[in-house]
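> Sequence:
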Amino acid sequence: MPRLTPPFLLTSPTPYTLSLRTASLRSSSIPAIENLSVLLDEIDCYDLTDNDVTVLEMPRLDRCTEVLLGSNAVSSISDRLGKNVPNLKTVNLSRNALTMPSLLPLTECKSLQYVDLTFNPCSSSKYLRTLLVGLLPNLKVLDYSRVTAAERKKAQGFMKSKAGGEMLADLRAGRDAKGDSSAAAPGAAKPGAGQKGGKFSFTEEEREKIKAMIEGADGVEEVERIQEAVRKGVMPEVA
Numbered sequence: 628m629p630r631l632t633p634p635f636l637l638t639s640p641t642p643y644t645l646s647l648r649t650a651s652l653r654s655s656s657i658p659a660i661e662n663l664s665v666l667l668d669e670i671d672c673y674d675l676t677d678n679d680v681t682v683l684e685m686p687r688l689d690r691c692t693e694v695l696l697g698s699n700a701v702s703s704i705s706d707r708l709g710k711n712v713p714n715l716k717t718v719n720l721s722r723n724a725l726t727m728p729s730l731l732p733l734t735e736c737k738s739l740q741y742v743d744l745t746f747n748p749c750s751s752s753k754y755l756r757t758l759l760v761g762l763l764p765n766l767k768v769l770d771y772s773r774v775t776a777a778e779r780k781k782a783q784g785f786m787k788s789k790a791g792g793e794m795l796a797d798l799r800a801g802r803d804a805k806g807d808s809s810a811a812a813p814g815a816a817k818p819g820a821g822q823k824g825g826k827f828s829f830t831e832e833e834r835e836k837i838k839a840m841i842e843g844a845d846g847v848e849e850v851e852r853i854q855e856a857v858r859k860g861v862m863p864e865v866a
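At position 164 of the sequence shown (counting the first as 1) the number is 791 in this note's numbering, and the numbers step up by one without a gap.
Rather than coming from a laboratory, the hints here were simulated on the basis of the structure.
Note that beta-carbon positions come from the ideal geometry of N, C-alpha and C, so glycine has one too.
Incorrect hints may have been included.
Pairs of lysine-lysine, DSSO-like flavour, derived with a Cα cap of 30 angstroms [stated by the list, open to error]: (1) K737 to K838; (2) K805 to K838; (3) K737 to K789.
What follows is a list of derived Cβ distance ranges for each label pair [said to hold, decoys possible]: (4) E842 to K781: 29 to 37 angstroms; (5) E793 to D668: 35 to 43 angstroms; (6) G846 to D689: 32 to 40 angstroms; (7) E849 to P686: 36 to 44 angstroms; (8) E833 to L731: 27 to 35 angstroms; (9) A776 to S656: 40 to 48 angstroms.
My request is simple: use the sequences and hints to build the entire structure.
Next up, the structure:
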């Protein structure tokens, strides 16, 4: 099983895609994120899609704005992610093994604008959007669904309430919030340790196109059409 050794990293392709310098580390059976400091913080996007990573942890990277970890086995996130990657705007964690309690470190990444958590055990939680929209002030799109001003106001209000405090207390204790049965929800993704959440993952170019479609959508019906295609694993057609 390949590791992210300095020689491996220094010989990996770093193409410029959509004005971003990307470290392309896809489909290499990589088990852990390590030694990224040898790239001297000159990378905007780390693409680790379709590997075997179990923990999202990064060294201090001021330049990094995107981390792509779709189709891995991520079940935990480092508490230092927000401090180590202060300018992180986009994170793709689709098809992994993340539960609601494991998402708490993500709420400290205050620069986040685009988050994909589709096909995780947490995906079916009724509190998922409330937690992230309420605690991430710059979040624009979650799971390919645009965050509205009304939704943000409601989520922020809930997170400041007694019920919101109780939910956070449950999550910090490592358990699902009271009344939330996401872990046992029918159809919820439940990959075990070492298992990937699924085989399908949109390419970086496709994800950017989907973001642009959502942001430029004409109305609610258009957004719902795009979301339905994404849920089916199909690239939406341009209207």
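> Run every hint past the structure and note whether it holds.
These are the hints, each one checked on the structure:
1. K737 to K838: holds (19 angstroms)
2. K805 to K838: Roughly 33 angstroms separates the two Cα atoms, so the pair is violated.
3. K737 to K789: holds (23 angstroms)
4. E842 to K781: 29 to 37 angstroms: Since E842 and K781 have Cβ atoms about 21 angstroms apart, the given range 29 to 37 angstroms is violated.
5. E793 to D668: 35 to 43 angstroms: holds (40 angstroms)
6. G846 to D689: 32 to 40 angstroms: holds (38 angstroms)
7. E849 to P686: 36 to 44 angstroms: holds (40 angstroms)
8. E833 to L731: 27 to 35 angstroms: holds (29 angstroms)
9. A776 to S656: 40 to 48 angstroms: holds (43 angstroms)
In this structure, the hints that do not hold are numbers 2 and 4, in rising order.
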